[in-house]
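With chain U's structure known, arrange chain H on it following the hints.
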Amino acid sequence: MKERSIIHVDMDAFYAAVEQRDNPELKGKPVIIGGPDPTKRGVVATASYEARQFGVHSAMPLREAYKRCPHGVYLPVNMHKYQQASKHIFNIFQKFTPLVENISLDEAFLDVTGSRSLFGSSKSIAREIIDQIDKEVNLAASIGISYNKFLAKLASDLDKPKGFVVVSADNFYEVVHPLPVKRVWGVGKKMEQQLRAVGLKTIGDIASASLFSLKQQFGLAGEHIYALSHGIDNRPVIPNREAKSIGRETTFSVDISDRDVLYATLMQLVEDVSFRLRNSNCWCQCVTVKIRYACFNTYNRQTTLSQQINLETEIYSEARELFDSFYDGQPVRLIGVTLSHLKAEKEKQVELFGWENEKKQALAEAADRLRTKYGKPLVVRARGIKKD
Amino acid sequence: MKIICNKSDLVYGVQTVQRAVSTKNTMPILDGILIEANDNKIVFKATNLEIGIICSTNAKTIETGSIVLPSRYFGELVKKLPDIPIHIETNENYSTNITYGESSTSINGYNPEEFPVLPHISSNKLIKIPGDLFKNMVKQVVIAISRDEARPIFTGILTDIGSNGVKLIGTDTHRLAYRSNTIQTKLEMKEIIPGKTLAEVSKLIDNEEPVSISFDKNQVLFQTENISIISRIINGQFPDYNQVIPSNYSTNVRIDTKAFLQAIERASLLVRENSQDKANVIKLSISGEHLTINSNAPDVGRLHEKIPAFIEGEDIIISFNSRYLLDVLKVIDEEEIYLQLTGSLSPGIIKPVNQDNFLYLILPIRTV
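Sequence lines, in order, name chains U and H. For what it's worth, the numbering used here labels the leading residue of the first sequence as 1, then goes sequentially. For what it's worth, the numbering used here labels the leading residue of the second sequence as 1, then goes sequentially.
So that you can see chain U by itself, here it is in the shape it has in the complex:
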C-alpha cells in the first residue's frame, strides 16, 4: 500500500478558547467551562491551559475544580457557539481534502495523500490549515502528521498546545516506543494495569512482547495493540462519519426524586437530542434512558421500535415509558437519553394516514429553524419547564 499522509487536527482547549476569543478579558485567565456556579454539581467540560496549571482537567467534578482553582472564571456550556466555530473549522478542512473524518466538534482526521500534488507536502498543508484557522476563526490547534490514524492522533497530543509533531518511519522508534502503554488506542485503565502486571510499561515493550501471549491474554485486542505498537494501523479515514448515536445526559445540582422535575428534565434532554437528530436529517429506531442514583448505581434501559421516529413527542413518550418502567423512586443524580440505530434519510415518503404527523413534522422543523437562528432555549415544550 502506498504510504498515506494523515493529519490529525485537535483544537486546543476548544470550548474555553472560544470563550476567551469572544471575551478578551478572559485571555490569560483560568477559564473553566461546565457550569456558572462551581459550588453546585456538574463536571468540567473544558479547562483553559491556564486552569490546567492548577490541576483542573475535563471530566473533573466542578466542586473539585473549584477547590483547586477558586479564582477561576466558571462559565456555562454554550454549545451553539462551539458548533458554529466547529462548522467554520470543518469548512476549512474541506478546502484541502474531501477525506475528512469528524471525531467530535474539535477533532478531525484528514487524509491528504491525494492532496499533496495540489497543495504540497502534508506539512505545508497542515501549516496552511493552522494559518487559516487562526485567521478566520481566531483559534489555535495542535497538529499530528503521520502515515496512519493512530500515529497522527498520538502525534497531535505530544506537544499541546499549538503542537506540530510529525511521526515518520524514521523517527517512529525514537518518538513512539518510549511512550507509556496507555497512549495506545484502546488501552484503558484496566488493560494498562494488566499490561503493567506482565511487565509491559511502554509501547516499545509491547512491540517486543510475544504476539502469541498477547493474543492469549487479551484476545483480538492483544493483536490490535501489537500491530499499533509496530506502527501498523490500516483503518481508513472515513469522510462524513455518520454518528452512531446521539445522546445527552445531565447531572443535577442536588439529587432529585421529584418525578415532576425528572420528567421535565427528561423532556429537556429529549428536546436536545431530537433537535440534533433532525438537524442531521436522521431518524432513530432505538431510545435509551440512563439513570444514575445518588448511590452511583447506574442503569440503562433501551427500547427498539418497529419504525423510525424523530419528533420530540414520539421520543419523549418512549423515553418516559422506559423511565417509568425502571425508576424506583430513589434520589437521582444523573439522567440521560440516547438515540441510536440512526438512519439518515434525505428523502422521506409522506404517509397517507399520517396527516397529524406531517403537521407535527412541520411544527418541529419551524421550531428547529428558530432554535438554529436564536439559540436552543428559545422554543421549549411546556413539559420541559420546571415549576419554581
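Hints were generated in silico from the structure; no laboratory data involved. C-beta: ideal position from N, C-alpha, C; glycine also. Mixed in with the good hints there might be a few duds.
What the hints assert, rightly or not - Quick list of in silico lysine-lysine cross-link-like pairs, PhoX-like style, CA-CA up to 25 angstroms:
no.: 1; chain 1: U; residue 1: Lys348; chain 2: H; residue 2: Lys283
no.: 2; chain 1: H; residue 1: Lys60; chain 2: H; residue 2: Lys135
no.: 3; chain 1: H; residue 1: Lys196; chain 2: H; residue 2: Lys128
no.: 4; chain 1: H; residue 1: Lys190; chain 2: H; residue 2: Lys167
no.: 5; chain 1: U; residue 1: Lys160; chain 2: U; residue 2: Lys244
no.: 6; chain 1: U; residue 1: Lys40; chain 2: U; residue 2: Lys290
no.: 7; chain 1: U; residue 1: Lys40; chain 2: U; residue 2: Lys87
no.: 8; chain 1: H; residue 1: Lys7; chain 2: U; residue 2: Lys343
no.: 9; chain 1: H; residue 1: Lys283; chain 2: U; residue 2: Lys359
What the hints assert, rightly or not - The following label-pair restraints were derived from C-beta to C-beta distances:
no.: 10; chain 1: H; residue 1: Gln243; chain 2: U; residue 2: Phe326; range: 23 to 31 angstroms
no.: 11; chain 1: U; residue 1: Phe326; chain 2: H; residue 2: Asp356; range: 56 to 64 angstroms
no.: 12; chain 1: H; residue 1: Glu76; chain 2: U; residue 2: Lys348; range: 41 to 49 angstroms
no.: 13; chain 1: H; residue 1: Glu334; chain 2: U; residue 2: Asn279; range: 44 to 52 angstroms
no.: 14; chain 1: U; residue 1: Ser306; chain 2: H; residue 2: Glu314; range: 57 to 65 angstroms
Chain H only, in chain U's frame:
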C-alpha cells in the same frame, strides 16, 4: 377410482387448481391435488390453507372415488402427455396408474381422507359481476396494495358493496387506488379481501363469464361455472379512505397518458444504487405549458424531460417515487389524465379525463 378423460380437460383442471399449491408447505399433503371422480365429472381441488381452488371438468367415470397426487410430478406429467384418451386408475396404497396408449406411469399418492376439507359456503349475500369488468377493476386497484405482511389490512382490498354498486380500494399508505362501478345489488357490506386472492381470481376467470361473489362470516367464495375459489377474509378496520381523498386542488394538469408514462419509464432507468427499495425519486416541475421531469442519480447520470401539458392554477414543484407513478399510468386505458395537486406535501390525485370511476392518490416525497 377409475376414469378416462382427454388431455386438454386434464391439463385445464390441474393447471387451474395448481395456482393454490404452495411449495413451502409443512404438510406434504398440501403439495397434492385432490381428484374426485363423480358421475361423468371430475373435480380437482388444491389449497395452501389461505386460498382453495376447485375446478371441475368432464370425464368418463368408470368407478367413483378419490385420490391425492403430488402436484409437482402429476402436474408436470399431464402437460407432457400425448393428446389421446388418458386412463387414470388408483390401486391399493394410493399408487395411481396413468395410462396413455401402450404406455403408463405410476405415481405414489396420498390418502384422500387426509386432505383438508374446503369449507362449503352457501350464502344469500351474493353479487354477480361480469368477468371483464371484474378483471379491469382488480387490475386498477391491486397495484396500490402492500406486500408487507406485518400490516395485513393493507395487503387486502376493501370491497365496499352498496346500493351504488361496488367499490374497490387498495392502499399501502403511500398511494391509494379507488375504483367503483354501478352494479345492481341489494347487498350492503364491506369486507377486506386479500389482494393475492383477487389477483388469482382475475387470472382464472374468463372475460365473457360473470363471476359471482358470496360472503360468509370469515370467507369469500368466487364462482364461475367450472371454478370455485375460496379465500379467507382479512379481519380488521380499514382506514376511512373518504377522509383522505382531497376534495379540491390548487393545480390541475391535463396530460397525455402515454407521453407521461414513457417519460417516467425513462426516468425510472436512473435508479439510485444506494436507494433502499431501488425506487427513484423524480421531481416534477409544473409551470407554464409544460410538465418537466428531473431525475438525478449522481452515480449513473441525470434525466430532464419536458412534456407539453394543459395547466391551470399555481406553479408547483413536487417529488414522487417514480414506481408509484408507473404503476398507475400502466393501468389507465384513457388517452389523457388529470394530475391534481395541492402543495408539495399533500396527496396528489391522478384520474382519467373521461372516466369518473377511477382515482389514484399518490403521496409525495419530502425532500430536504
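A quick look at each hint next to the structure:
no.	hint	verdict
1	U:Lys348 x H:Lys283	holds, 14 angstroms
2	H:Lys60 x H:Lys135	violated, 33 angstroms
3	H:Lys196 x H:Lys128	holds, 20 angstroms
4	H:Lys190 x H:Lys167	holds, 9 angstroms
5	U:Lys160 x U:Lys244	violated, 29 angstroms
6	U:Lys40 x U:Lys290	holds, 21 angstroms
7	U:Lys40 x U:Lys87	violated, 31 angstroms
8	H:Lys7 x U:Lys343	violated, 57 angstroms
9	H:Lys283 x U:Lys359	holds, 22 angstroms
10	H:Gln243 x U:Phe326: 23 to 31 angstroms	violated, 40 angstroms
11	U:Phe326 x H:Asp356: 56 to 64 angstroms	holds, 58 angstroms
12	H:Glu76 x U:Lys348: 41 to 49 angstroms	holds, 48 angstroms
13	H:Glu334 x U:Asn279: 44 to 52 angstroms	holds, 46 angstroms
14	U:Ser306 x H:Glu314: 57 to 65 angstroms	violated, 38 angstroms
Hint violations for this structure: numbers 2, 5, 7, 8, 10 and 14, all remaining hints satisfied.
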